[in-house]
Amino acid sequence: MECTDVIKLVEKVWSTTPPAERRSVFSLIRKTIPNHHLVLFDGLVDNKRNGIVDNPDSKIVVLIHGIHTDGSWQRCVQQELSTINGLHIHDLGYDVVTAIQLFGPYRSTPVNRIAREIRRIKVEEPKAKISVIAHSFGTYIVSKILEDHPDIRFDRIIMCGAIISRAYPWDRNARELNKSRIINDVGTRDIWPVIATCTTGGYGSSGRRGFQSASVTDRYFNYKHSDFFEPKNNHIRDYWKPIIESGDIPTSDWDTKKGKTSFPILVASHPWIGRPLVFLIIFGLGILGWQYFSKPTVPKNESTHAIQSGDK
Amino acid sequence: MFSEKFSPLIDRFPQESDALRRIASHFEVVENRSGVKVFDMVFDPNRLFDISQAGSSARFAKVTTILIEARILSRKFVVRSPLGSAILELESWYDRPDTIYDPLTDRELELTDDDLETMYSVVPDGVH
Numbered sequence: 038m039e040c041t042d043v044i045k046l047v048e049k050v051w052s053t054t055p056p057a058e059r060r061s062v063f064s065l066i067r068k069t070i071p072n073h074h075l076v077l078f079d080g081l082v083d084n085k086r087n088g089i090v091d092n093p094d095s096k097i098v099v100l101i102h103g104i105h106t107d108g109s110w111q112r113c114v115q116q117e118l119s120t121i122n123g124l125h126i127h128d129l130g131y132d133v134v135t136a137i138q139l140f141g142p143y144r145s146t147p148v149n150r151i152a153r154e155i156r157r158i159k160v161e162e163p164k165a166k167i168s169v170i171a172h173s174f175g176t177y178i179v180s181k182i183l184e185d186h187p188d189i190r191f192d193r194i195i196m197c198g199a200i201i202s203r204a205y206p207w208d209r210n211a212r213e214l215n216k217s218r219i220i221n222d223v224g225t226r227d228i229w230p231v232i233a234t235c236t237t238g239g240y241g242s243s244g245r246r247g248f249q250s251a252s253v254t255d256r257y258f259n260y261k262h263s264d265f266f267e268p269k270n271n272h273i274r275d276y277w278k279p280i281i282e283s284g285d286i287p288t289s290d291w292d293t294k295k296g297k298t299s300f301p302i303l304v305a306s307h308p309w310i311g312r313p314l315v316f317l318i319i320f321g322l323g324i325l326g327w328q329y330f331s332k333p334t335v336p337k338n339e340s341t342h343a344i345q346s347g348d349k
Numbered sequence: 019m020f021s022e023k024f025s026p027l028i029d030r031f032p033q034e035s036d037a038l039r040r041i042a043s044h045f046e047v048v049e050n051r052s053g054v055k056v057f058d059m060v061f062d063p064n065r066l067f068d069i070s071q072a073g074s075s076a077r078f079a080k081v082t083t084i085l086i087e088a089r090i091l092s093r094k095f096v097v098r099s100p101l102g103s104a105i106l107e108l109e110s111w112y113d114r115p116d117t118i119y120d121p122l123t124d125r126e127l128e129l130t131d132d133d134l135e136t137m138y139s140v141v142p143d144g145v146h
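Order-wise, the sequence lines are chains A and B.
Mapped onto the working numbering, the consecutive letters of the first sequence carry residue numbers 38 to 349.
Mapped onto the working numbering, the consecutive letters of the second sequence carry residue numbers 19 to 146.
Since the hints were derived computationally from the structure, they do not count as laboratory data.
Hints may contain errors.
[What the hints assert, rightly or not] Chain A regions said to be covered by chain B (calculated; three or more residues, Cβ under 8 Å): (1) 66-78; (2) 125-131; (3) 182-190; (4) 203-217.
Remember, it's a predicted structure, so these values are computed and weren't measured experimentally.
Glycine residues also receive a C-beta, built at the ideal position from the N, C-alpha and C atoms.
Please model the entire structure based on the sequences and the hints provided.
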């Protein structure tokens, strides 16, 4: 029996039992509760007795990290946002995804795990508004959750280092969210979204070039892939906290200062040009390598013989 | 400092750390005020819910569970005389007797669930 099961049980029994019978009913149920959940069970029942109800203004921010990391940045976010009244942060983790998994076709395990965690939060705190801050592969997880788990909806979505396809159908998968509720922070020196786009399928360079769509607010920063968490940039405090606290979206100075995206990046990040081009280059290099290493070598004694006969 | 007892819990329970941090800072403020004894502090659940800004009944139950299991707070049920003083303390809701003798009014009182007040009190540390 998990915590969530105890919470669900108390909720259900309390609402379906007449007040006069509650003490005897809960006394019986208590005998079936595992010892390690008894304090929780008593607490839940007591909250009901004291009329403690969920606050409809309660906010939860879910943090989803990228690959090759267990999300140490999540603690920084937690610390920075902890001063917001009534806000609770859930740093959701999954087993480290390696580059091999990232580029391979089997990516559903972390998606399903995070979906399950969010569902659990929703069961425990049904009135809370859930927002998400995701980085890198975490943004891919968010996009897949929106696509495949329609029961999970977010109040706000903040992305950085995004590797979601630039053609992602936000208007279909997050139709309840307007442009001011989907924020994409772009790092104009971030190479990983481009590499992800041109070397494998299912990803896009939205973290490098933005979505440039009517459904998403893109903000540009002179950052590399993980500079959003660099303490010197104060990005969490200056650019994320106002969004979570009041819905204000601070603009970035770099939006107007950033230069044009270079042609090679435009080509590489184009899903129909970059990917075939990279595969063509790899294929070409493979052929060249094969030819080089499989060049027939002339036996030593034969060449010596040829030279000798020439001398004659 | 009593509030320092929260630090290991905040690290151990990251999902409830926001609420724990808020309760810890409440204790810190109280400790820094002269003349207030932390170990005499008693909270009713609604007050503690407000301090923690737990937001939901489920989270609040998790937070109180953490604090009870860490022996920082204890949960008690108090029955008061109509004159105001506590005349009975219980460990559990299920232990409630149907009647109780009130020495202050010299009367036998009939008890209902509404007569039981939940109280969270600070667990003494052996020194206090």
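Practice item. Please flag the earlier hints that this structure goes against, numbers listed from lowest up. Key: Violated hints (numbers, rising): 3, 4; every other hint is consistent with the structure.
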